[in-house]
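Take any residue in the sequence shown, note its place counting from 1, add 177, and you have its number in my numbering.
There could be a bad hint or two in this list.
Claimed, not checked - Cβ-Cβ distance ranges computed for the label pairs, FRET-style:
{"#": "1", "residue 1": "Glu-229", "residue 2": "Ile-268", "range": "35 to 43 Å"}
{"#": "2", "residue 1": "Ile-268", "residue 2": "Ile-239", "range": "18 to 26 Å"}
{"#": "3", "residue 1": "His-180", "residue 2": "Ala-215", "range": "21 to 29 Å"}
{"#": "4", "residue 1": "Lys-225", "residue 2": "Ser-203", "range": "26 to 34 Å"}
{"#": "5", "residue 1": "Arg-193", "residue 2": "Pro-241", "range": "55 to 63 Å"}
{"#": "6", "residue 1": "Lys-225", "residue 2": "Ala-255", "range": "41 to 49 Å"}
{"#": "7", "residue 1": "Pro-189", "residue 2": "Gln-218", "range": "43 to 51 Å"}
{"#": "8", "residue 1": "Asp-219", "residue 2": "Ala-255", "range": "43 to 51 Å"}
{"#": "9", "residue 1": "Ala-230", "residue 2": "Pro-184", "range": "55 to 63 Å"}
{"#": "10", "residue 1": "Cys-249", "residue 2": "Arg-227", "range": "26 to 34 Å"}
{"#": "11", "residue 1": "Phe-242", "residue 2": "His-196", "range": "49 to 57 Å"}
Derived from the structure by calculation, the hints contain no laboratory data.
We treat Cβ as the ideally placed atom computed from N, Cα and C, and that holds for glycine.
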Amino acid sequence: MNHKPLPLFPGPARARCPHCGQTSYSAGGIHPQCSVRAADQDWTKQMKLRREAVEVFAPHVIKPFQRLCPKCQSIQHARTRKCTCGHVFPIKTRATAEN
Numbered sequence: 178m179n180h181k182p183l184p185l186f187p188g189p190a191r192a193r194c195p196h197c198g199q200t201s202y203s204a205g206g207i208h209p210q211c212s213v214r215a216a217d218q219d220w221t222k223q224m225k226l227r228r229e230a231v232e233v234f235a236p237h238v239i240k241p242f243q244r245l246c247p248k249c250q251s252i253q254h255a256r257t258r259k260c261t262c263g264h265v266f267p268i269k270t271r272a273t274a275e276n
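Let's have the full structure, built from the sequences with the hints guiding it.
Here it is as structure tokens:
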């Protein structure tokens, strides 16, 4: 048995948060934490798509002791003097490396 009296004048119906369904007391009708969570979800989706796009269109992955031929874009060992396409890599000496 409930001993609470019923209200004589029922108040206006409060807006419900569209994300969690609970009564919202904010002016916008959505909880601030729910709006932040929704914005973060959109942001994480965008970042995931960007990361996937970068991985798909990534150029050659050059490891240590390798270099990319500027003429044919093939990966060569760092000590290779001449590429198979005919490009001759410049020889770096200590004097040119320090300048």
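For each hint, the structure was consulted:
no. : hint                          : in the structure
1   : Glu-229 x Ile-268: 35 to 43 Å : 41 Å, holds
2   : Ile-268 x Ile-239: 18 to 26 Å : 20 Å, holds
3   : His-180 x Ala-215: 21 to 29 Å : 41 Å, violated
4   : Lys-225 x Ser-203: 26 to 34 Å : 29 Å, holds
5   : Arg-193 x Pro-241: 55 to 63 Å : 58 Å, holds
6   : Lys-225 x Ala-255: 41 to 49 Å : 35 Å, violated
7   : Pro-189 x Gln-218: 43 to 51 Å : 31 Å, violated
8   : Asp-219 x Ala-255: 43 to 51 Å : 44 Å, holds
9   : Ala-230 x Pro-184: 55 to 63 Å : 57 Å, holds
10  : Cys-249 x Arg-227: 26 to 34 Å : 30 Å, holds
11  : Phe-242 x His-196: 49 to 57 Å : 53 Å, holds
In terms of the numbered hints stated before, the structure departs from hints 3, 6 and 7, listed from lowest to highest.
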